[in-house]
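**Q** The primary structure of each chain is shown beneath.
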Amino acid sequence: MDVMPKWAEVILVPLISLLLAAILSAIVILAIGENPWDALKLMVDGALGSTYGWGYTLYYATNFIFTGLAVAIAFHARMFNIGGEGQAVLGGLGVALVCLYIPFPHWSLALIAASVGAALFGAAWAFIPAILQAKRGSHIVITTIMFNFIAAALLNYLLVGALKPAGSMEPATGKFPESTNLPSFQDMFSFGEATLFRGAPANISFFVAVAACIALWALIWRTRLGYEIRAFGHSESAAKYAGISPTKIIVISMLISGGLAGMMAINNVQGEAERLVLNAVEGAGFIGIAVALMGRSHPLGVFLAAILFGFLYQGGAELALWTSIPRELIIVIQALVILFTGALDNMVRGPLERLFLLRRQPPKPDRKSTSAEGAN
Amino acid sequence: MDLITLLQLLDSTLRLATPLLLACLAGLFSERAGIFDIGLEGKMLAAAFLSAAVAYATGNVWVGLLAGIFASLLLSAIHGLASITFRGNQLISGVAINFLAAGLTVVIAQSWFAQGGRTPQLSGAGRFNPITLPGADALRDVPILGPIYYELISGHTIIVYMALLIVPLTAWVLFSTRFGLRLRAVGENPAAVDTAGVSVVGMRFAAVAICGVLCGIAGAYLATALQAGFTKDMSAGRGYIALAALIFAKWRPVYCLWACLLFGFLQAIALRSDLIERVLQFNIQSQLLDALPYILTVVILAGFVGKAVPPRAGGEPYVKER
Chain A
31 MDVMPKWAEV ILVPLISLLL AAILSAIVIL AIGENPWDAL KLMVDGALGS
81 TYGWGYTLYY ATNFIFTGLA VAIAFHARMF NIGGEGQAVL GGLGVALVCL
131 YIPFPHWSLA LIAASVGAAL FGAAWAFIPA ILQAKRGSHI VITTIMFNFI
181 AAALLNYLLV GALKPAGSME PATGKFPEST NLPSFQDMFS FGEATLFRGA
231 PANISFFVAV AACIALWALI WRTRLGYEIR AFGHSESAAK YAGISPTKII
281 VISMLISGGL AGMMAINNVQ GEAERLVLNA VEGAGFIGIA VALMGRSHPL
331 GVFLAAILFG FLYQGGAELA LWTSIPRELI IVIQALVILF TGALDNMVRG
381 PLERLFLLRR QPPKPDRKST SAEGAN
Chain B
60 MDLITLLQLL DSTLRLATPL LLACLAGLFS ERAGIFDIGL EGKMLAAAFL
110 SAAVAYATGN VWVGLLAGIF ASLLLSAIHG LASITFRGNQ LISGVAINFL
160 AAGLTVVIAQ SWFAQGGRTP QLSGAGRFNP ITLPGADALR DVPILGPIYY
210 ELISGHTIIV YMALLIVPLT AWVLFSTRFG LRLRAVGENP AAVDTAGVSV
260 VGMRFAAVAI CGVLCGIAGA YLATALQAGF TKDMSAGRGY IALAALIFAK
310 WRPVYCLWAC LLFGFLQAIA LRSDLIERVL QFNIQSQLLD ALPYILTVVI
360 LAGFVGKAVP PRAGGEPYVK ER
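Chains A and B, in that order, give the protein sequences.
Mind the numbering: the first sequence is residues 31 to 406 in my numbering, read in order.
Mind the numbering: the second sequence is residues 60 to 381 in my numbering, read in order.
In isolation and in its complexed conformation, chain B is listed as follows (with noise of 0.2 Å):
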């Protein structure tokens, strides 16, 4: 395999992986403060859609983006009220959304544009366009940093290098600041906060708001960057994968990176069968690599690779008094 097929390989995982870690770390947050949340997929898909639609009717992107974010925010209200306020099952909420979004959406888009539950196609500023770096056209000569620069870390949409940061980000806002200490002692142990005088009630939804905003934003990179305009069905088990991730990773920001982008690069390999033929001398299935994030997330869950262990609150509503 030459330099070039292997940049093309990893600058499609970097494309892949995007929409997974958004919403691996919107989960982040979300668990991290002790509500489970298996709406990831709902959500997602239910801001590409709007996102779609309404980049669609406005022919701005951006204009989309914040539609996206608002449907999300809306899914993630739902979620808030059911787990939060009314202490129910968080894990049915999230089952409910999903299929709540999988519906709405499609009849919604059959409602708004008939054409069988799809929007119509995206095209120019309805889209966010792959940005090229500064200096990537002068630089594409050099041997190997040209390429290297050129075809994997130049040439993606502003959202890939907006999801970049937000890792970063999110291991300072939960490791460094006063929000995030009080975020993730609300999932070990929402008692202690409250007794500390802060609200668990606030900081749950706090997070869950947030979980709402990254989802948004991935929900939308899904049907403005990476494809133009929105399919039924089109987030595809990526929610579930950002799960997976999520559990790979352990709950840790930077670890989040790392598995979204694994479960990134097999989706891109899946997408190359020829190339596996060629580099391994034989054929891998497509089915198996289909299947291989859930698998290595069932090893991870079952505790051979080290032990994966949640936080300690998560999925119990809080009750003040007892």
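Here chain A stands alone, though its shape is the one from the complex (with noise of 0.2 Å):
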């Protein structure tokens, strides 16, 4: 069935394709009339050249961490959500009410709440297109993009009404109370009198980020819950005749993956602007989906392709700032990304076999390229 080794397809296909983003993205650069070779320097000194830098990279990071899980999850299912934007919508809901209306005595009780406040709204707003996929057949895709838009309107209408504070006029919540406000990198790692992190805004949600990695490798590989997931990804019939009923694997992975987009929230939300404001999620939900193609759907490859993002985003704005590069750059970037990984990747994966097989002797007549399988 393999052509390839494992090891080319889990590292060599996706480098391939971030390799042709990244020679796709210089002729971009070029045709603007900057170098692109002085652009990713500026990039990888404004990301990673100071804790500052490190600071930012890991704060996007913690976003696309959670989103990207909760793109990853749904993939094992073979569900496409696409409504993880809307969710952190949600989610952003979930920990304002959580902040603003409980008083909390420590902000570690604030984190665990708000954490389960942010991800029962984002599982509650994956719920209904997850219930009328399984119930009624209504595609998924379509439902969660258009409950994105409603999301957007509700927190809207929340923001301009009943959330905000009497005599503001910008649609916002009022501020936290200081108690629920969680530690950032700074104050966690000074130490006498040097100041790492200094203003940067990543905080200790980044760890809650990757203990939710390794709780979704553990639930994906380790748990009867994830092989009835992944054994209905990969076969619908099969899983049925093995007993597993569709209408709870779909709901039960929708859940989490509304979960943990979600949960995102307790980063922007909760940790950054310690406030609810509209836009707060600023197209996370989104940059999940590239990267959980990116990483393949697997928690390590979440992390790492989350980390790499959070480099683009903060490399990228550091180019808005020094270079007539605008910040919009990033998103050309991620938009080739998500082609070559997702829509393009029996492009990239056809030619890589066909070396694989020449490699091969002597090559066996029956094994034909499965390329057209490999479609997700």
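No lab work stands behind these hints: they were computed from the structure.
Backbone N, C-alpha and C define an ideal beta-carbon position, used for all residues, glycine too.
Heads up, some of the hints might be wrong.
[Said to hold, decoys possible] Among the chain B residues that face chain A by a calculated CB cut under 7 Å, a handful are:
1. 145
2. 148
3. 151
4. 152
5. 155
6. 161
7. 169
8. 170
9. 227
10. 230
11. 333
12. 344
13. 346
14. 356
15. 362
[Stated by the list, open to error] Covered stretches of chain A, as calculated for chain B (at least 3 residues, CB under 8 Å):
16. 164-172
17. 310-324
18. 352-358
[Stated by the list, open to error] What follows is a set of in silico ranges between Cβ atoms, one per label pair, in the way DEER data are often shown:
19. A:251 - B:258: 37 to 47 Å
20. A:218 - B:309: 54 to 64 Å
21. B:251 - A:274: 29 to 39 Å
22. B:231 - A:390: 48 to 58 Å
23. B:258 - A:389: 33 to 43 Å
24. B:309 - A:133: 49 to 59 Å
25. B:171 - A:67: 16 to 26 Å
26. A:67 - B:182: 33 to 43 Å
27. A:166 - B:224: 35 to 45 Å
28. B:182 - A:37: 24 to 34 Å
29. A:270 - B:363: 41 to 51 Å
30. B:309 - A:191: 32 to 42 Å
31. B:224 - A:165: 34 to 44 Å
Need the complex rebuilt from these two chains, each delivered in its own frame; the hints are there to steer you.
**A** This is the structure we're talking about:
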């Protein structure tokens, strides 16, 4: 069946896709009259050259780990959850309600309660598309897109109405109480004279994200539920035959997915902004798609891809600051990564497979290229 | 509410429904041929940018329109390459195209015009201007019919009339020509079409190309008729509303017209919140009006108001031999 060794499938294909995206991005940078090499150096310097830069890179990466894991777990059940954006918006709402209306003696309790609130709200937003897919066959991609827009309208409605403090003109909630504020990397990693991560927004929720990676890995590969999810993703009919309920798997995997997307809010809403504003998610729900594709839906891959995109986001902000390259270049890179890893992956895989076939001695006649079946 | 206000509302409904309608019909061709396309939004956006840029540079809106169609076709070609030639995931390809357009338009606009990701204002021959239909001024004072003709029917840009004509044209092509029969068959049962000796790949590429042309016109309309120039993210979710309208219309051309008019009407009244308050005596939140197309689509998709059944082979790459 497998033409290529596993390492080629897992490492080589994403890397070549990334390389293609990088080459095309370099051409775009050249075309607008800037030097790609200088741009790359500026990005590396700005995102990784100081603890301040790392503080931003890891902050963005935390968002992307959550949304990337959300898309990844849905991929395992062969669902395409494009609604991470809306689920993260609702997660923000959950965090805001918990932080604003429950008095907490200590941030650690606030973090636990806010995580639960964020996950519950995000999961609830994923539940309706999931149950419609499972029971009525409504295409989950379309319903989750629609739910993104409905979430945006809902948040807009609440932030200009019920949640806005009296007398404020800005569509945002009031500041969360001090006791809910999470420790930032600056608070955690400054020893004596040395202040590291000064002013950067990375905070303790990065470690929650890492824990979520490990927990999801254990769930997918070490539990009965994870086995059922993967079995369902490989073949719905086989799973059904083995007594696995499709409704249960669709709903549970989407609840986990929505919960993870919602949990992003403990980073951006509770950790960074410390209040809920409009458009707090800033497209991170969609970047989760690129991260999950790039990371091959494996928690470790998602973690690495999230760091990469965190680097791109922070580096892109630096580029916009120092050169004439606008920040939107990052969206182009993100689009190219999604295109090459998610839609054109057979274009990358085909030649690679032929290469590996050539190296095989002697080539077995019945082993034909299965690239067509590799389409996900 | 008096007649004139109502007519103004319907007039703006028609103007706002036009890009939705064009994009919706674009999606209709693509999805009827079995290629899901959630990249309508991106194609419109790319077309809006290039049409405005070229219309500004040449001062000729028709050249701009062609450039817009070209931009949209280019993205269609990528979508075709990914989803037909390389049998990739059509949904992911569509997502990528939306982001590609959202990013590239701003990057290029900034590089060409240095105005913060927008094109300069268009004027005169650089835009599609309203056409006064013959006799509109003369008939204006005829009671009832006069204002209807003058306010509602006359005074739109040529693209609005084109879009309305494309609806029966689409219905005719899809349901009364050999090409249309084959196109629909490719979306329902590509193996049968293949057996009959018709190229599945060719038919699907044709459908994706038609989709590109229509999205191109829709995008050009946004930047050169509805507004005077390109601004960042100006398609503002219209591609997704068109997608919603397509499902609402259950993949049928004439229903597409009604669905787009309905969603256009919702957009039009969202702009006139004063009217709602005056007529209904209470205020509807504009956010509810914004969300209504999406909520309606979910209800339709859930099958509570008649079942929306997509083309059977939609989203499936065609593999000749199993």
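**Q** Against each hint, give a clear statement of whether it holds in the structure.
**A** The hints, checked one at a time:
Given hint, residue 145 of chain B at the interface with chain A, holds; its Cβ is 4 Å from that chain's nearest Cβ, closer than 7 Å. Hint on residue 148 of chain B holds. Least Cβ distance to chain A is approximately 6 Å, under the 7 Å limit. Using the Cβ-Cβ criterion of 7 Å, the hint placing residue 151 of chain B at the interface with chain A is satisfied: the shortest such distance is roughly 4 Å. With 7 Å as the threshold, the beta carbon of residue 152 of chain B comes within range of chain A, its nearest partner Cβ sitting at about 4 Å, so the hint holds.
Proximity of residue 155 of chain B to chain A holds as hinted, the smallest CB-CB distance being about 4 Å (cut-off 7 Å). The closest approach between the C-beta of residue 161 of chain B and any C-beta of chain A is roughly 6 Å, which is under the 7 Å cut-off, so the hint is satisfied. Hint on residue 169 of chain B holds. Least Cβ distance to chain A is approximately 5 Å, under the 7 Å limit. Contact between residue 170 of chain B and chain A, as hinted, is supported at the beta carbon level, the nearest pair being about 4 Å apart and thus within 7 Å.
The beta carbon of residue 227 of chain B is not positioned within 7 Å of any beta carbon in chain A (closest approach about 27 Å), and the interface hint is therefore violated. Nearest Cβ of chain A to the Cβ of residue 230 of chain B: about 24 Å, over the 7 Å cut. The hint is violated. Taken as an interface hint, residue 333 of chain B does not check out: its beta carbon lies about 17 Å from the nearest beta carbon of chain A, beyond 7 Å. Nearest Cβ of chain A to the Cβ of residue 344 of chain B: about 6 Å, under the 7 Å cut. The hint holds.
At about 4 Å, the closest approach between the beta carbon of residue 346 of chain B and any beta carbon in chain A falls short of 7 Å, and the interface hint on this residue holds. Checking residue 356 of chain B against chain A: minimum C-beta separation of about 5 Å stays under 7 Å; hint holds. Hint on residue 362 of chain B holds. Least Cβ distance to chain A is approximately 5 Å, under the 7 Å limit. Residues of the region 164-172 of chain A lying with their CB closer than 8 Å to a CB of chain B number 6, which satisfies the three-residue condition for coverage.
For a cut-off of 8 Å, the count of residues in the region 310-324 of chain A with a CB near a CB of chain B stands at 3, and the three-residue condition holds. A stretch counts as covered by a chain when three or more of its residues have a beta carbon under 8 Å from one of that chain; for the region 352-358 of chain A and chain B the count is 4, and the coverage holds. Judged by the Cβ atoms, the range 37 to 47 Å given for residue 251 of chain A and residue 258 of chain B holds: they are separated by roughly 44 Å. Checked against the given bound of 54 to 64 Å, the beta carbons of residue 218 of chain A and residue 309 of chain B, roughly 56 Å apart, stay inside it.
For residue 251 of chain B and residue 274 of chain A, the hinted distance range of 29 to 39 Å is satisfied, since their beta carbons lie about 33 Å from each other. Under the hint 48 to 58 Å, the C-beta atoms of residue 231 of chain B and residue 390 of chain A, about 55 Å apart, fit the expected range. Between residue 258 of chain B and residue 389 of chain A the beta carbon distance is about 35 Å. The supplied range of 33 to 43 Å therefore holds. With their beta carbons about 52 Å apart, residue 309 of chain B and residue 133 of chain A fall inside the hinted range of 49 to 59 Å.
Checked against the given bound of 16 to 26 Å, the beta carbons of residue 171 of chain B and residue 67 of chain A, roughly 23 Å apart, stay inside it. Range check, residue 67 of chain A to residue 182 of chain B: about 42 Å between beta-carbon atoms, so the 33 to 43 Å window is met. The hinted range of 35 to 45 Å is satisfied by residue 166 of chain A and residue 224 of chain B, whose Cβ atoms lie roughly 36 Å apart. For residue 182 of chain B and residue 37 of chain A, the Cβ-Cβ distance of about 60 Å falls outside the hinted range of 24 to 34 Å, so the restraint is violated.
At about 26 Å, the beta-carbon gap between residue 270 of chain A and residue 363 of chain B misses the expected band of 41 to 51 Å. The beta-carbon spacing between residue 309 of chain B and residue 191 of chain A, approximately 35 Å, falls within the hinted interval of 32 to 42 Å. In this structure the hint that residue 224 of chain B and residue 165 of chain A lie 34 to 44 Å apart at CB holds, the actual value being about 41 Å.
When each numbered hint is compared with the structure, violations occur for hints 9, 10, 11, 28, 29.
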